[in-house]
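Colleague: One-letter residues, chain by chain:
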Amino acid sequence: MIATKTRPSLDDLRRKSVEARKLIVEAIHHAGAGHLGGPLSATDILTALYFDQMNVDPGNPDWAGRDRFILSKGHSSIALYTVLAMRGYFPIEELHTFDAAHSRLQGHPDMHALPGLEMSTGSLGQGLSPGAGMALGAKVRGETFHTWVMVGDGEIQEGQIWEAAFMAARYRLDNLTAILDYNGLPQFGWPQAGGFTRETPIDDPGAKFRAFGWHVIECDGHDQASIREALDAAQAFKGEPTCVVAHTVKGKGVSFMEGDFNWHAKVPSDEQLVDALAELDAQLAELGNGEAA
Amino acid sequence: MSSATLKTQRIEPLPLAGAEQEALREVWGQTLVELAADFPDLVVLDGDLANSTRADIFAAAVPDRFFEMGIAEQNMVGVAAGMATLGFVPWLSTFAAFMANRATDQVRIVVAQPHLNVKMCGGYTGILTGKTGKTHQSVEDIAIFRAMPGVVTLAPADGVELRSAMRAMMETPGPMYLRVTRDPSPVIFPTDYRFQIGPGVLLREGADIGLIGTGVETVRVLEAADMLAREGVAASVLHLPTLKPIDGDAIVALAERTGRIVTAEDHSIIGGLGGAVAEILGERRPTPMRRVGLRDVYGESAPNDYLLEAYGISAGHVVAEARALIERT
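Residue numbers (my numbering), protein chains in the order written: chain F, 1 to 293; chain A, 1 to 329.
Hints should not be assumed to be uniformly reliable.
Have a look at the derived ranges for each label pair, beta carbon to beta carbon [said to hold, decoys possible]:
#  : chain 1 : residue 1 : chain 2 : residue 2 : range
1  : F       : His-96    : A       : Pro-173   : 49 to 57 Å
2  : F       : Ala-211   : A       : Gly-150   : 34 to 42 Å
3  : A       : Gly-150   : F       : Asn-60    : 44 to 52 Å
4  : A       : Thr-135   : F       : Gln-157   : 19 to 27 Å
5  : A       : Glu-279   : F       : Asn-60    : 41 to 49 Å
6  : F       : Glu-143   : A       : Ala-37    : 52 to 60 Å
7  : F       : Gly-189   : A       : Phe-39    : 46 to 54 Å
8  : F       : Ala-100   : A       : Phe-39    : 55 to 63 Å
9  : A       : Ala-23    : F       : Gly-194   : 56 to 64 Å
10 : F       : Gly-189   : A       : Leu-6     : 52 to 60 Å
11 : F       : His-96    : A       : Glu-279   : 39 to 47 Å
If you're looking for bench data, these hints aren't it; they were derived computationally from the structure.
For glycine and all other residues, C-beta sits at the position ideal for the given N, C-alpha and C.
With the rest of the complex left out, here is chain A (with noise of 0.2 Å):
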């Protein structure tokens, strides 16, 4: 688990054009039936979201192990530390908004402190969660799991990556938190990708500047890196699915290698990627660095286009904060 033990992995995406889209939601659902067929300890708990967050598929499927809990988040958590101590491994079923902010308390007590084995999943990720608003956005769920003692905290990019994760959640034990975005997002892992606990993941390898996104956000990235390179300009890209244990040594040596970061991601950058990154470089090798992400700012309902532009997430916003950062250094 640990990334002292693991290294980074040099992967090839799948080309963006034409690339197959997915839905990390419902590429979760499914994923839930594959492993409870593995693993009979699975239970799933869900916050009465199961036809958003696509835990249907599992209580369609698995209806002995799925569990409502109805509109009760701060019960869903305690229920779940409950069962854990019989050795089941529940998943449960909400928004981010509501697992990170509603119930940050019972988290707290009764999972990161005890390190009981559940699995936290957070659905309708970022800001990018069809049109619902404010309310049901989620712009701080990474910097409270991250800040939490003991709580792994991971956001795939793709269907494949997530699918590959739940099973490394499943076969790890302790508290963990996933993002799970809700649209469908580009495929852009080989299907014999393999996700670790930890390392980061290399995509693309450039001299002159080094791009790192977490979650769907990093499917942005890639494309801001070819924009870039059709600019001539050389990007590498480090995409980090494990915010917590972060992949310190590749961050270090994306920035011995490029001289410049970016980071992006789809939450504040208090507190997320961005402040996660800043940490290590400030701490192991200080390194010009821009953030792209929310500043400091809850979002609002709209179109995922609109909403991508306004509050400065897309590809053309990191294409900007990369070619600001080379002209300044």
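Chain F on its own, in the form it takes in the complex (with noise of 0.2 Å):
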């Protein structure tokens, strides 16, 4: 699908970034509660799929023939919801509405709450195995569909993860991409000798999931450009699932945010919000309107 329709360019798609940075910002700050270092570090990610890769209609979200995207780390929701929004399944101001009572947008993803979410998720280490579901039902049926999943660097703690992957490669998923947002920062960290380190225990996950048969690619989880090479790769990569590790930064995008776990789940002060959006007006100005581009 995506040779046959004109592409976003690089700038257009880093715009979006950081118009769904500052959402997302607003938003937590505006619910009081919710996550903001894994949002962050995942939205470059989800512009790319939602602005440049997926096969999606937002006017007819269950179209059959969509490609499927789930957000296993389901704690980043408010950057699924932001990027849905932008992307058209409904009305940005409602994200002001986040983790309220009554509200499409729940603190982790509700399948049937919100258009545009293929799965519920939350309890971390699920999200790979319902995308395998899919990938595989997609392959019985003959269907050409793209099923993408987004797994944080933390949750491949769970076993769980490991299971699918395996399975997933048994049946030789190549129509299954999991993209690994690897920030490198739990929510808390790690023990070890000479100390504690909030660096996550996860050495070199690529090396894991090619153990485990799966076609691996690495990116810079920042970089429009890495992105779009890696994803393109994916879809285009037969016989095995591919999983895109994806080197990120915790909290991107502000920086007294970057690289802090303390962020992880911590909501800006009034003063913190008029400094985050102030960078990233900044690096809007810096990006142009496009219009030259």
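From the two separate chains plus the hints, produce the assembled complex.
Modeller: Here is the structure:
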């Protein structure tokens, strides 16, 4: 599908990502709850998926031939909600209902609450299996849609991820891509000799997926050129499922949140919101409005 | 589906003496093949136990709709959920203990909460599981599934009822759990019996005491009713193949008619049939009752006959509890 339509420019995607980050930070500030570090590390990949890679129709969200996306790291829901709203699944103003009573924007994605959500997630490590089920079902039916699952590097500590990895390789589900948001920072950390480390204990996750029979591609999860190259290659690869190891930074885009585990689930103060939005506006100004591009 | 719209059935059971024996797991495998012919979206996912659960009968007959998931029940549940979103109706093949315990959180998140159309089947239910021991016996599965909002929980008594129940499960969308026992047990239902999700089945009418059974334990309850009849005690027997949604009206009506209730199950008395009946009666019609079942213990490896006696779930135990209740009230 990506060959038959005009693709957005990389600068368009970069602008979308900064706009998404502004909405994410505002929504969390407004809700007074939620996660920030993970959503900001996932933002660039989500805009690439929904504005460039995926064959979806927000006006007909249940269309059978659509590509599927599952956010296995469900606690980053606000990033997915934001990109879905920007893509036209529901009004952007609704982002301000995140986590509120009666909202369709539940703390963790509820597949029946909001159009565009393909699976309920939240208890970690569970999203890759339904993605494998969708990919297997597509093979059985001869459907050509692609299934994407984003997993966090923290949640691949869960054993079920490796159950799914084993099975997807056995069935040669090359219509399935796992994107690993490899930001390196779990919520708390890990004890080690000589002291405590905040860094994830998952060393070289690509090697682990490769050992399970997956094709592995590494990319810079904040560089749209690198993301496009990796996701294009993932869709084109035949014979094995692909894992895209996207190297990311937790809290990406707001200098005082970047690489600080404290922003895993912290709400910015009014002053911090102003500072964050100023930084993001400066990034937008640097990118220009795109008319010259 | 709701028990509010369907009425309790009155069925005269076949005599126990000389009854045909049928293993529910064999019927399960055969019925999947029959259903596959009528329902093109039916698929079977197996956790490497097909020759135990008898999903192998399906695998041999309909190989293109059988998917081996390996020894990985949590992933199997997730794959089923993904396939269900495409309109497939996955039936899961594993043991009850693994279905209920090993994959509980997966069932909760991707089947029960989104109410997906996945048919979760537990083979080797209860403690009569061919000398497997406590790791492979299931004494909490009814309690677990019954506690999950929206999950229909079924325990048929014989092969006839299982066959009919499986068709009803295919015809009714939504997450369901089905108990399937391992070893041959007597056929008690006539072949024209039609199972309905929800309503109980009144098998005997007697005014002295109400006996309630579920699953194949109902066969032992019928046996107990025969033994009591020989002592001059007229027992009603209510079979509850649906633990949820439970036929509360049938339970209350039975309590009103008899004034005494004994429940019996191949499961813990906590959270299972006994717990469910006590909840209904406690709220709607407090009635003296006794619960036959496992009394907060796990089982062990041993022959079925030994286990029935040692863990207090034989027909004789039902009779003893009934007698004790009659003497007390």
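Colleague: State for each hint whether it applies.
Modeller: Going through the hints against the structure:
1. F:His-96 x A:Pro-173: 49 to 57 Å: violated (35 Å)
2. F:Ala-211 x A:Gly-150: 34 to 42 Å: Given range 34 to 42 Å: holds, Cβ gap about 39 Å.
3. A:Gly-150 x F:Asn-60: 44 to 52 Å: Given range 44 to 52 Å: violated, Cβ gap about 28 Å.
4. A:Thr-135 x F:Gln-157: 19 to 27 Å: holds (26 Å)
5. A:Glu-279 x F:Asn-60: 41 to 49 Å: For Glu-279 (chain A) and Asn-60 (chain F) the Cβ distance comes to about 45 Å; the hint holds.
6. F:Glu-143 x A:Ala-37: 52 to 60 Å: violated (23 Å)
7. F:Gly-189 x A:Phe-39: 46 to 54 Å: 50 Å Cβ-Cβ, so the 46 to 54 Å window holds.
8. F:Ala-100 x A:Phe-39: 55 to 63 Å: violated (41 Å)
9. A:Ala-23 x F:Gly-194: 56 to 64 Å: Since Ala-23 (chain A) and Gly-194 (chain F) have Cβ atoms about 60 Å apart, the given range 56 to 64 Å holds.
10. F:Gly-189 x A:Leu-6: 52 to 60 Å: Check passed, 55 Å falls within 52 to 60 Å.
11. F:His-96 x A:Glu-279: 39 to 47 Å: With a Cβ separation near 42 Å, His-96 (chain F) and Glu-279 (chain A) satisfy 39 to 47 Å, so the hint holds.
Going through the hint list in order, the structure does not satisfy hints 1, 3, 6 and 8.
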